[in-house]
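Chemist: Listed below, chain by chain, are the residues.
Protein chains: 2
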Amino acid sequence: MSRSAGTDAPAKPLIVTDRDTLAAVLAKVRSDGQTIGLVPTMGALHDGHLSLVRRAVRECDFTVVTIFVNPTQFGPQEDFARYPRTLEADLQALAQAQADLVYAPTAEQIYRPGFSTFVDPPDVAQPLEGHCRPGHFRGVATIVLKLFHLVPAHVAYFGRKDYQQWRVIQAMAEDLDLPIRVEACPTVREPDGLAMSSRNRYLTPAERQQAVAVSRCLLHAAQLAAQGETRAAMMRQQMRDVLTRSGITRIDYVALVDPLTLTEVEEVHADTVALVAAFVGGTRLIDNRQLKE
Amino acid sequence: MSRSAGTDAPAKPLIVTDRDTLAAVLAKVRSDGQTIGLVPTMGALHDGHLSLVRRAVRECDFTVVTIFVNPTQFGPQEDFARYPRTLEADLQALAQAQADLVYAPTAEQIYRPGFSTFVDPPDVAQPLEGHCRPGHFRGVATIVLKLFHLVPAHVAYFGRKDYQQWRVIQAMAEDLDLPIRVEACPTVREPDGLAMSSRNRYLTPAERQQAVAVSRCLLHAAQLAAQGETRAAMMRQQMRDVLTRSGITRIDYVALVDPLTLTEVEEVHADTVALVAAFVGGTRLIDNRQLKE
Chain A
1 MSRSAGTDAP AKPLIVTDRD TLAAVLAKVR SDGQTIGLVP TMGALHDGHL
51 SLVRRAVREC DFTVVTIFVN PTQFGPQEDF ARYPRTLEAD LQALAQAQAD
101 LVYAPTAEQI YRPGFSTFVD PPDVAQPLEG HCRPGHFRGV ATIVLKLFHL
151 VPAHVAYFGR KDYQQWRVIQ AMAEDLDLPI RVEACPTVRE PDGLAMSSRN
201 RYLTPAERQQ AVAVSRCLLH AAQLAAQGET RAAMMRQQMR DVLTRSGITR
251 IDYVALVDPL TLTEVEEVHA DTVALVAAFV GGTRLIDNRQ LKE
Chain B
294 MSRSAGTDAP AKPLIVTDRD TLAAVLAKVR SDGQTIGLVP TMGALHDGHL
344 SLVRRAVREC DFTVVTIFVN PTQFGPQEDF ARYPRTLEAD LQALAQAQAD
394 LVYAPTAEQI YRPGFSTFVD PPDVAQPLEG HCRPGHFRGV ATIVLKLFHL
444 VPAHVAYFGR KDYQQWRVIQ AMAEDLDLPI RVEACPTVRE PDGLAMSSRN
494 RYLTPAERQQ AVAVSRCLLH AAQLAAQGET RAAMMRQQMR DVLTRSGITR
544 IDYVALVDPL TLTEVEEVHA DTVALVAAFV GGTRLIDNRQ LKE
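Protein sequence lines correspond, in order, to chains A and B.
Counting in the working numbering, the first sequence runs from 1 upward without gaps.
Counting in the working numbering, the second sequence runs from 294 upward without gaps.
It is possible that some hints are incorrect.
As the list claims (entries may be wrong) - Restricting the straight-line Cα-Cα distance to at most 16 angstroms, the calculated cross-link-like pairs of lysine to aspartate or glutamate (EDC-like) are:
{"no.": "1", "chain 1": "B", "residue 1": "Lys-585", "chain 2": "B", "residue 2": "Asp-564"}
{"no.": "2", "chain 1": "A", "residue 1": "Lys-28", "chain 2": "A", "residue 2": "Asp-61"}
{"no.": "3", "chain 1": "A", "residue 1": "Lys-28", "chain 2": "B", "residue 2": "Asp-325"}
{"no.": "4", "chain 1": "A", "residue 1": "Lys-292", "chain 2": "A", "residue 2": "Glu-207"}
{"no.": "5", "chain 1": "B", "residue 1": "Lys-321", "chain 2": "A", "residue 2": "Asp-32"}
{"no.": "6", "chain 1": "A", "residue 1": "Lys-292", "chain 2": "A", "residue 2": "Asp-271"}
Said to hold, decoys possible - So, partial list: chain B residues that the calculated Cβ filter (under 10 angstroms) puts toward chain A:
{"no.": "7", "residue": "Ile-403"}
{"no.": "8", "residue": "Gly-423"}
{"no.": "9", "residue": "His-424"}
{"no.": "10", "residue": "Pro-427"}
{"no.": "11", "residue": "Pro-472"}
FYI, nobody ran anything at the bench for these hints, they're computed from the structure.
Even for Gly, the Cβ is constructed at its ideal location relative to N, Cα and C.
Can you build the whole structure from these sequences, using the hints too?
Modeler: Written out as structure tokens, the structure is:
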């Protein structure tokens, strides 16, 4: 589907809810020799998601966005039931961003009776989120693999904000010989630095103020590194201090890790990644940045 | 690649050992609109394998045979090291059967450093072989998924002789939304009924005589069912008796199961599947048949 490069009202994306239609449309797109870009989402779209869509639209002939709140990646005590669902607004934003097709299946269609095959994710899924959210990456890897099969894309786009997720999917794609390129796009932030997240809408105004410390602790680590500091243990302590001083005390982790293996380092380097997961009120937020960013 | 339907010497299949060449050749085949059939094997080919290849050649435009002795599906005490490797003879037989391409990768190419993503196979992998060979179907499902990604086939062919393997792969393909049809082909047998298997060549002449009881116990169950017998417990005991009377005493299982779930039945029906796994000397053989076959 070609689109005019003008400023006129964008064509609405095709909205597909069943897999047979999806397969038929995408088979035609591929046989026409077009490249397909895929942006998997759980909806509740914000500018972070839309930056992925815009990049896919720039780089590929045909952009598919999936919207599916995947139950298998939520723990029993987590926020699956109350996760925001904003389909109408999402579709408007995707029309604006010039996505070509939106696939929004039901859970019944994705997990049919008897479903019992899962991906046992790669080693990089073990620490950090893998430790705090048992089963999370098993659910993520499985749904992403299913979407890779349902949407025969050439490139898939993920947000660097979910740094470990990106690394898990990239390692899975390599280990399983998936014929797809996995790209990560920069985190999109609010003016005060807070990383955009669908979960930010859970925050009360007071919590929203507090939440800025989550990105600020990462910035602080980067500043220490820029001043020549290399001792990871000391830097992690200072990151914790930034959080606790602002009233954030329920900290899942503060980490300085190797960018590929995600194992903790003792001495930081330019490519070391700082990560944080902490609760602001009842809302669990995560963020990260490469120290040299 | 078209082939003449005559009796002249068959064109040799293209032999590919690296994934980049494989991807390039198959991308061209697909973009030409040809259908691809895939026959995954561990080599040491016999007439059972070749019946799969001939069916793929009949049904598809382009037939790919893979030859890879997959280490991850063998247990630590099993026969990976001594598993027969007969590449030259395999290639001759595949030329005769008119395969178009043979992909024979090295283990280093399939399992690269850091490889750590596996398929946690579906429920149907739990009983029988899953019970006797822990990790076997995890290895099988993982390598088959990798081959499905490396070879973008329309149809994959497996032998019904490995009945549970076929069901595991079929369930995996459905659960993971793989865009491939999974077909099973009838077991090919020696004149006396022994199912063809690469492992038959381990048998001494005396063991080869004994081995016929493995298929005979299945035939006995089918005959009992044909006479109106429905009591599974009694039939299983008689199957065991057939084995032990011929000197086979190390029996992993004798089973009468539902054809889809592979759970044991109490009353047999026409579609009940009889399965056996037993050691003849040091060689573990498996076989099965549907009672109404």
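Chemist: Tell me if His-424/B is really an interface residue toward chain A, meaning its C-beta lies closer than 10 angstroms to one of theirs.
Modeler: violated (16 angstroms)
Chemist: Given the proposed pairing of Lys-292/A with Asp-271/A, does the C-alpha separation stay at or below 16 angstroms?
Modeler: holds (6 angstroms)
Chemist: Under the criterion that the straight-line Cα-Cα distance not exceed 16 angstroms, is the pair Lys-28/A, Asp-325/B satisfied?
Modeler: Distance of about 14 angstroms is within 16 angstroms: holds.
Chemist: Is the hinted pair Lys-321/B and Asp-32/A satisfied, with a Cα-Cα distance of at most 16 angstroms?
Modeler: holds (14 angstroms)
Chemist: Verify the interface restraint on Gly-423/B: the C-beta must sit less than 10 angstroms from at least one C-beta of chain A.
Modeler: Violated - the Cβ of Gly-423/B stays beyond 10 angstroms from chain A, reaching only about 12 angstroms at its closest.
Chemist: When you check the alpha-carbon spacing of Lys-28/A and Asp-61/A, does it fall within 16 angstroms?
Modeler: Measuring from Cα to Cα gives roughly 13 angstroms; hence the hint holds.
Chemist: Do the numbers back the hint for Pro-427/B, that is, is its least Cβ distance to chain A under 10 angstroms?
Modeler: Since the shortest Cβ distance to chain A is 14 angstroms, the answer is violated.
Chemist: Have a go at the Ile-403/B hint: is there a Cβ in chain A nearer than 10 angstroms to its own Cβ?
Modeler: holds (8 angstroms)
Chemist: For a C-alpha distance cap of 16 angstroms, please report whether Lys-292/A and Glu-207/A respect it.
Modeler: violated (29 angstroms)
Chemist: Within a Cα-Cα threshold of 16 angstroms, do Lys-585/B and Asp-564/B meet the stated pairing?
Modeler: holds (6 angstroms)
Chemist: Take the shortest C-beta to C-beta distance between Pro-472/B and chain A; is it under 10 angstroms?
Modeler: holds (6 angstroms)
In this structure, the earlier hints numbered 4, 8, 9, 10 are contradicted, and the remaining ones agree with it.
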